[in-house]
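*Asks:* Residues per chain are reported as follows:
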Amino acid sequence: MTVPMDIEGPAAPPRSNGELVFAEPWESRAFAMAVALCDAGAFTWSEFQAALIARIGHHDETSSEWCYYSHWLGALQDVLDGQGTVPDDAVTARARELAQRPADHDHAHQHR
Amino acid sequence: MSESADRIPASLRTEALEQLLTERGLVDPKVLDTIITTYETYVGPLNGAKVVAKAWTDPSYRRWLLDDGTAAIRELGYLGVQTEHVVVVENSATSHHVVVCTLCSCYPWQLLGLPPSWYKSPVYRARIVREPREVLSEMGLELADDVQITVHDSTSEVRWLVLPERPAGTENLSEEQLVPLITREAMVGVAKVDAR
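For the record, the sequence lines run as chains A and B.
Heads up: take any position in the first sequence, counting from 1, add 12, and you land on the working numbering.
Heads up: take any position in the second sequence, counting from 1, add 560, and you land on the working numbering.
Please note that a few of the clues may not be correct.
[Claimed, not checked] Covered stretches of chain B (in silico footprint by chain A; criterion: 3 or more residues with CB under 8 Å from a CB of chain A, positions within the stretch not fixed): (1) 575–588; (2) 661–667; (3) 674–686.
[Unchecked claim] Some chain B residues well away from chain A (every beta-carbon gap over 12 Å; in silico): (4) A570; (5) V591; (6) T598; (7) L626.
[Stated by the list, open to error] With a Cα cut of at most 20 Å, we get these calculated SDA-like pairs of lysine to any residue: (8) B/K590 x A/P114; (9) B/K614 x B/N732; (10) B/K590 x A/D51; (11) B/K614 x B/W669; (12) B/K590 x A/A54; (13) B/K590 x A/G53; (14) B/K590 x A/F34; (15) B/K614 x B/W624; (16) B/K590 x B/Q579; (17) B/K614 x B/S734; (18) B/K590 x A/S58; (19) B/K752 x B/N732; (20) B/K590 x A/E36; (21) B/K752 x B/S652; (22) B/K590 x A/Q61; (23) B/K614 x B/A755; (24) B/K590 x A/A48; (25) B/K752 x B/T617; (26) B/K752 x B/E731; (27) B/K590 x A/C50.
No lab work stands behind these hints: they were computed from the structure.
Computed from a prediction, not measured in an experiment: that's the story for all the values here.
Positions of the beta carbon are idealized from the N, C-alpha and C atoms, including for glycine.
Input sequences plus hints: build the corresponding full structure.
*Replies:* Structural data, given as C-alpha cells:
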C-alpha cells in the first residue's frame, strides 16, 4: 500500500477526537475492498470516484435512509459489474446463498 | 442493480462480493484486514496535526506550505491516494476557511484519517455552502460578523487543508507539545484550536 505508516509520536489525542470511523464491520470490508482493488490496479481511483458521485447523486431522501457506505458498496459493484469482473447477478446469487445459512454460522472472514 | 437486489442487506452483499473477489484472486482478506487496521489506527488526523505544528514553529516551512502545500507535505511523507494535490489555506482573526465536498466526500485521508460522519452528511454538504456562519455556529464555532468566511469545495483533483490559528498561550510549547492540541475539526475549519 502507498500509505506511509506513522505510529510514533504523541499519537493519542488527535486520533481520539474522532468518532468510530465505521458503524458496522461490513462498512470497513467494503471500504478496504475498494482501496485494495485500486492499489492493485483493477481500476483507477477516479473511475471509482465517478461511480460514487453518481450513486450519491441518485440518493433519494424519501425512499431510503442515508448510509454513506451503502453508496460506497453500490459504486464498487457498479464499477466491477461494468468491467465484467464481478457481475451484479453473481453477487446477488451469492448473497442469497449466504442468507440461507443457519443462524450460528461462522463468519468466514472473521476466522480466516 | 435491480430493485430486489437492493433489498439484500449490505452486510450480505459485502460478504458475497468479498468471497467472489477472493475466489477470483483479486483481493486477499488478509490485505483487507491490514488496510482496515491502517486506516482505523495509524492514519488518523495525526499526520495533519504534525504538518500544522511544524508550520506554527518553523516560519520558512509555513511559507512553503502556503505557497506549495503539495510539495511541503510530500516532504514529510504524507501523500498518497486521495491526497495527490493539496492546497493549504490559513485561518486568521479576520479570515476563516472551511472545507466541504459537495459532490461526494473527498477528504485528505493521509492527513486527517477517514472523514467523520458529519462531513459526509447531505445536510453539511448542502448547508455549509449556503449559510456557513449559521452552520459553524451550530457546530459550536461563533465567528464575529466581520470575519470573512471562505468555503472551499473539494474536487477530484484538489484536497484542502486548513492551517488553523495558533492559540494564544502556546508560545512556549514545542512542536511536539503542540501536536496533540490540533484536532481534525480545526483542520477542516469547523473549529478553532484550544490552548487547553
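*Asks:* It remains to establish, for every hint, whether it holds in the given structure.
*Replies:* Outcome of the hint check:
Coverage of a stretch by a chain is defined here by at least three residues with a beta carbon nearer than 8 Å to that chain's beta carbons; for the segment 575–588 of chain B and chain A the count is 11, and the condition holds. Given a C-beta distance limit of less than 8 Å, the hint that chain A covers the segment 661–667 of chain B holds, as 4 residues qualify and 3 suffice. Coverage of the segment 674–686 of chain B by chain A holds. Counting CB-CB distances below 8 Å, 6 residues qualify, and the rule asks for three or more. Some Cβ of chain A comes within 12 Å of the Cβ of B/A570; the nearest lies about 5 Å off, and the non-interface call is violated.
For B/V591, the condition that its CB be more than 12 Å from all CB atoms of chain A is violated, with the nearest at approximately 5 Å. With 12 Å as the threshold on Cβ separation, the claim that B/T598 sits away from chain A is violated: the shortest Cβ distance comes to roughly 6 Å. Residue-level check passed: B/L626 sits 21 Å from the nearest beta carbon of chain A, beyond 12 Å. Distance restraint check for B/K590 and A/P114: the Cα-Cα separation of roughly 26 Å exceeds the 20 Å cut-off, and the hinted pair is therefore not satisfied.
Taking the CA atoms of B/K614 and B/N732, the gap is about 14 Å. The hint holds against a cut of 20 Å. As the CA atoms of B/K590 and A/D51 are separated by approximately 14 Å, the hinted pair is consistent with the 20 Å bound. For the suggested pair B/K614 and B/W669, the alpha carbons sit about 19 Å apart, so the restraint of at most 20 Å is met. At roughly 18 Å between alpha-carbon atoms, B/K590 and A/A54 fall within 20 Å of each other, so this suggested pair holds.
Distance check on the hinted pair: B/K590 and A/G53 sit about 18 Å apart at the alpha-carbon level, within 20 Å; holds. A C-alpha spacing of about 18 Å is found between B/K590 and A/F34, which places the hinted pair at or below 20 Å, so the restraint holds. Using a Cα cut-off of 20 Å, the hinted pair B/K614 and B/W624 holds, with the two alpha carbons roughly 11 Å apart. With a CA separation close to 13 Å, the supplied pair B/K590 and B/Q579 stays within the 20 Å bound.
Simply put, B/K614 and B/S734 have alpha-carbon atoms about 10 Å apart, close enough for the 20 Å limit, and the pair holds. Between B/K590 and A/S58 the CA atoms are separated by roughly 25 Å; this puts the pair beyond 20 Å, and the hint is violated. A C-alpha spacing of about 19 Å is found between B/K752 and B/N732, which places the hinted pair at or below 20 Å, so the restraint holds. The straight-line distance between the Cα atoms of B/K590 and A/E36 is roughly 18 Å, inside the 20 Å bound, and the hint therefore holds.
Among the hinted pairs, B/K752 with B/S652 is consistent with the structure: their alpha-carbon atoms are about 10 Å apart, no more than 20 Å. Between B/K590 and A/Q61 the CA atoms are separated by roughly 24 Å; this puts the pair beyond 20 Å, and the hint is violated. Between B/K614 and B/A755 the alpha-carbon distance is near 16 Å, which keeps this suggested pair within the 20 Å criterion. Distance hint between B/K590 and A/A48 is fulfilled; the C-alpha atoms sit about 11 Å from each other, no more than 20 Å.
Distance hint between B/K752 and B/T617 is fulfilled; the C-alpha atoms sit about 18 Å from each other, no more than 20 Å. Distance hint between B/K752 and B/E731 is fulfilled; the C-alpha atoms sit about 16 Å from each other, no more than 20 Å. For the hint pairing B/K590 with A/C50, the CA-to-CA distance comes to about 16 Å; that is within 20 Å, so the pair holds.
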